[in-house]
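In order, the protein sequence lines correspond to chains A and B.
No gaps in the numbering here: position 253 of the first sequence is 253 in the working numbering, and each next residue is one more.
No gaps in the numbering here: position 373 of the second sequence is 373 in the working numbering, and each next residue is one more.
Keep in mind the hints are simulated off the structure, nothing from the lab.
Among the clues, some could well be false.
Stated by the list, open to error - The calculated lysine-lysine pairs, modelled on DSS-like cross-linking and capped at a C-alpha distance of 27 Å, are: (1) B:Lys132 - A:Lys225; (2) B:Lys154 - A:Lys158; (3) B:Lys165 - A:Lys225; (4) A:Lys277 - B:Lys148; (5) B:Lys165 - A:Lys286; (6) B:Lys132 - B:Lys282; (7) A:Lys165 - B:Lys154; (8) A:Lys225 - B:Lys286; (9) A:Lys165 - B:Lys286.
2 protein chains.
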Amino acid sequence: MEEIVEELLTDRILTAVKNRNAKELKEIFEVTPNIDIAEALDEVEDAAVFLYIFRTVNSEYTSDFFTELTNEQQEMIINAFTDKQLIELLDNSFADDIVDALEEMPANVVARVLKACPADLRKDVNNLLNYKDNTAGSVMTTEYLDMKDTLTVKEALKIIRQRGKDAETVYTVFVRDSKRNLMGTINLDDLIFAKDDEILSDVMDRDFVTCNVNDDQEEVANMFKRYDLNAMAVVNNENKIIGIITIDDVVDIIVEEATEDIAHLNQISNMDEPYLKTPVIKLVLKCVPWILILIVLQMFSTLIISRFEGAIASLTLLSFFMSLVTDAGGNAGGQTTTLIVRSISLDEFGRGDFKRVIWKEFRVALCIAGIVGAFAFAWILFETSVGIANVAESIKGVQEAHPGWNMSELSVKLVVSGLIAATLFVAMIVSRMVACMLPFLAKAFRLDPAVVCGPFTTTLVDVITLLTYFLLWTFVFGPMLGL
Amino acid sequence: MEEIVEELLTDRILTAVKNRNAKELKEIFEVTPNIDIAEALDEVEDAAVFLYIFRTVNSEYTSDFFTELTNEQQEMIINAFTDKQLIELLDNSFADDIVDALEEMPANVVARVLKACPADLRKDVNNLLNYKDNTAGSVMTTEYLDMKDTLTVKEALKIIRQRGKDAETVYTVFVRDSKRNLMGTINLDDLIFAKDDEILSDVMDRDFVTCNVNDDQEEVANMFKRYDLNAMAVVNNENKIIGIITIDDVVDIIVEEATEDIAHLNQISNMDEPYLKTPVIKLVLKCVPWILILIVLQMFSTLIISRFEGAIASLTLLSFFMSLVTDAGGNAGGQTTTLIVRSISLDEFGRGDFKRVIWKEFRVALCIAGIVGAFAFAWILFETSVGIANVAESIKGVQEAHPGWNMSELSVKLVVSGLIAATLFVAMIVSRMVACMLPFLAKAFRLDPAVVCGPFTTTLVDVITLLTYFLLWTFVFGPMLGL
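The following block holds chain A by itself, in its conformation from the complex (with noise of 0.2 Å):
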């Protein structure tokens, strides 16, 4: 929402809420959804204000008010609200976004919620805070419905209206037998759609799916956007329901995974938080260890630049391109890790494709190969003629060191150009198939690919160029010149 909007409706509600106009507040929570009202009121500290809302707008326009507001407003309103008030306010809301709020809260607070809370409801969150973060269990939630597969339509539409309120969802219904076993699945268009007297397991669909309540949630979003699912069950190791989730918890997960997969292919710990809301030492703290870590990994670079320091002695035109390969060559390397860690983290491979995607990699890397060879030959060329790389003073330097040498400026713009073209050929083929097969193996050893493949690619990839780089010009350019 656009800022001057924000403000004036900012303006509006403290106005009705200082003139205690309470028919204007109830206007506004009608027509403006409940996300908008909090971003609104993003910084109002003063609890009195949160207190009179409560009490004075309808609870079926607040139920998500609360869990849209920041934490710090949360942990205010819980410590301003009345026993009372809090039981009220825990009876409107699902036991999986009262687990939300309450992980981030002090330990009193949570206490306090807990004791409010009706005892199913305090069952379910207990339960639900002992999931293990990102696992299928600490995103479900526990309140849906489920009927025995002998119901009518007719029972079960009169079930779904008395008690489909407490329910996260009641698009999907869950059909079980007398074993508590899921037997399929029902949307509530379907039921719409049924005969009053048709029997659930006539008009359930058998081919649902689920998942185990251990399942890591990135691969339970995988199965949302591969099957189209609104809800799915979610099943304990006896293949009993004990939870569902439901599509818009999903749409959270893939836009958290995705923008896991890009920080840490970009060398940056995980981004929880929108970066204005990130404190300053928090991004600091995302940021550094990726960059030491880099700096240290580049000993690696440096032992060997400094081992052929000789060469680059003999023709400092040398280190002009050092740059050139290691930027191209690890940007080959990054292109394939971002391709392959992509494609891990959308499931597409299955067991034996290893194979299928080397042998595919081959070919695309020789034929980037050739064509960076070629293009890099002619375009060195060029930078040389044009004085881009200064070849004459690298010439004069040599001549110094070894009178008498006298080789044209051009067999030198030739060799060296030369040299960066088989350089180049060689670092794309191997950086992209070092690059794609890394997260493989990051993944067989159950490490995060982006997490790993990031800062070790680009080490691997600098030291593999910078080798080829001056054991090409050591044993094959260099002699062609003399050197």
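Chain A is already provided as a structure; the job is to place chain B on it using the hints.
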């Protein structure tokens, strides 16, 4: 799905088709999601298999099956179908799914499909085919339920039962007045919970949001996330509803947009197909241009190094650390670009936030610069002391060129460590500041920040870092050593 299960499924289906075992085939379709069947058959190129499937299995179970097949298979089936079969297939599909399939097909197939479409469906398909890619119009569907605000709940439910099967979703009903202005939305569950004789205008939500048909799909996805929507109305410039977008399409958009961000930030063109399904030549074309651009842009680095050839010649030690400083600078810049580009994608910044970002980034950069500078000083002192970088050899070179020059090894180590620490200090601040401004600049010029910022940040940061390195050497640290 694991490959072994998939193979079993392929065998079961093909055997059932071969033996004309209709019962087995129906059972498979009843208990297996369409996408799993489509994938099990993704290498089948025999149109007869699909003809038998579509003839045998109830269309209720094959409604999504056609859209899950590969483009080649779809084309093959359309060509093999009689007009009557084609009409039946199209009757069971939604306009937006048909459009998705048609967009990849040759013109003669498109013409034949359009001819077979019933008149109203053809109009919808034709309309959808005309919207620009990545706009709300290109992803919306025209099959939705709208009702007048004067209807009762009972009448509304009756209409849903009658017309709901042709709508993409019945979970959200759009309520309009007699002039076709959108007045509100009602979720199906609210209809179920409401009393039969209530009037729609009394039970509808008035705090709905809409998007314009020309809005970017990324904005649409952000609205779904923000407002937790199941479906959203798409309006034209006169604010009349002309279509809707549903959450399942949005899930695809989110994945697509995140993948696009990942690709562009890591300098690959759009990854619109799974890796293994992308032809080699297409992968080459996605990657090669970025590498060539980088090689060309690297001329600026080459130019700088070449102009400071004298500095390198005077102390070859300097060439050891060039890739360290440029890589670390590039890393820091890349981190910032990633943070900012992602936040822009997720629509986190409002009007006027630019200044807040710059100020925050400056503080973050200052902290990082301090830490990295201090660490680098210690680390380079270590590298030069244990011989990873060979200082003695460099000193010998200096002494040959300047007889009489005698600085202790320790002072050379300290000065070089200081040079690198100072360079990194400056590079961290400048590269982060540049990298955080570039995405906003790109956005102001309506360019995709992720596309523009990748190669330019690297080059700009390289140039700045190398200039800093050599200028600090020439005017500050070199003179300390009398060089």
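Hint-by-hint comparison with the structure:
| no. | hint | in the structure |
| --- | --- | --- |
| 1 | B:Lys132 - A:Lys225 | holds (24 Å) |
| 2 | B:Lys154 - A:Lys158 | holds (15 Å) |
| 3 | B:Lys165 - A:Lys225 | holds (23 Å) |
| 4 | A:Lys277 - B:Lys148 | violated (43 Å) |
| 5 | B:Lys165 - A:Lys286 | violated (50 Å) |
| 6 | B:Lys132 - B:Lys282 | holds (23 Å) |
| 7 | A:Lys165 - B:Lys154 | holds (19 Å) |
| 8 | A:Lys225 - B:Lys286 | holds (25 Å) |
| 9 | A:Lys165 - B:Lys286 | violated (50 Å) |
In this structure, the hints that do not hold are numbers 4, 5 and 9, in rising order.
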